[in-house]
Amino acid sequence: MKVVIMGCGRVGARLASLLEQDGNDVTIIDIDSYSFRRLSPDFKGTALIGNGIDEDVLRSAGIEEAGAFVALTQGDNRNIMASQIAKHIFNVPRAVCRIYDPLRRDMYEELGLETVSPTTVFAQILREKLESQGE
Amino acid sequence: MYVIVVGGGRVGYYLAKALLDEGHEVLILEKSAAVATVVSDELGSICVRGDGCESTTLASVGTNRADMLIAVTGDDEDNLVSCQVAKHMFGVPRTVARIRNPKNEAIFKKLGIDVTINTTNLILESIEEEVPTHTLIHLRDIRDKGLEIVEVKIPPDAPTIGKPVKELSLPEGSVLSLIIRKARRPIVPSGATILQAEDQIIAVTAHESEEALRAALSGE
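Chains as they are written, first to last, in this note's numbering: chain A, 29 to 163; chain B, 20 to 239.
So here's chain A without its partners, still in its complex pose (with noise of 0.2 Å):
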């Protein structure tokens, strides 16, 4: 499958390797080249300057044919749009996007994108963790 990842932050280019271990063809996406230097040594993919919310940025990515896009950047509102964009535009079948405001998060999961809100689950795992050990 093709994947399209925008935000080479450490989750992005984490999930390129993995994702490309997997035997996806993946593409990713960073307004800032130096960001790439966080790609594994041995990511054969693509690494592509831009800004995600750009229509013509994602169509030389390859969104047209990719069959899923996610959303990595430290902006709430930049993964939103660009995922929108992705699902409404191009039509990309699965669009995954992080949001850090659960309230904005459970907005745009009503709305039909595909949201992880690294604040709520992060949450709930710190909340477990010390609740066990305190038993």
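Hints were generated in silico from the structure; no laboratory data involved.
Fair warning: there could be bad hints in the mix.
Said to hold, decoys possible - Below, simulated SDA-like cross-link-like pairs (lysine to any residue); rule was C-alpha separation at most 20 Å, straight line: (1) B:Lys-172 to B:Ala-216; (2) B:Lys-164 to B:Ser-228; (3) B:Lys-128 to A:Asp-82; (4) B:Lys-106 to A:Val-85; (5) B:Lys-129 to A:Pro-121; (6) B:Lys-106 to A:Met-135; (7) B:Lys-129 to A:Pro-130; (8) B:Lys-122 to A:Val-85.
Please build the complex by placing chain B on the supplied structure of chain A, with the hints as guidance.
Just chain B, lined up with the frame of chain A:
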């Protein structure tokens, strides 16, 4: 009307000021504390510091009773999310977003924003109007109809000068609405109207016929 303006920069500030002058109830949401203080000092207590994309902030300023939300921050994505949250969580009837990347106009429409204001294109159009070498000037789009109003100036050496309008091979769907001549009143052209040098013609045309219309009028 109760209008919420998201973004207290130059655009937001002067917009709020104009809306206040028209007698509307206005509230500005501004993320930066420093900017919010300046706006409050100058316009009174109509500015709240907060993120206009966050539903808790929007709830605290009574967005559910707002008639309109206008998002004019410098970032297209923030304006998009602000309008979407206002619409879907608070049922605001009309949302307006400022856009910087002209390509986002169609995207925003598709994603449910009622009105988009494309500042980059507005500036471009104004520049075109001021550049005399352009024979065709884009004046205005007619929303959702694929039509536009343009102005064509007949060049002083155009082969069409002296010809009646009915002899021009105007593209299908283009209509000449008005001819403005120096020192004269505007006239509504008929088939018999003779073109003169320096005539300014106001016409309605389809986007795709723009070039054909220009060619037909200037005789190229």
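The hints, checked one at a time:
no.: 1; hint: B:Lys-172 to B:Ala-216; in the structure: holds, 8 Å
no.: 2; hint: B:Lys-164 to B:Ser-228; in the structure: holds, 14 Å
no.: 3; hint: B:Lys-128 to A:Asp-82; in the structure: holds, 16 Å
no.: 4; hint: B:Lys-106 to A:Val-85; in the structure: violated, 28 Å
no.: 5; hint: B:Lys-129 to A:Pro-121; in the structure: holds, 18 Å
no.: 6; hint: B:Lys-106 to A:Met-135; in the structure: holds, 11 Å
no.: 7; hint: B:Lys-129 to A:Pro-130; in the structure: violated, 25 Å
no.: 8; hint: B:Lys-122 to A:Val-85; in the structure: holds, 12 Å
In terms of the numbered hints stated before, the structure departs from hints 4 and 7, listed from lowest to highest.
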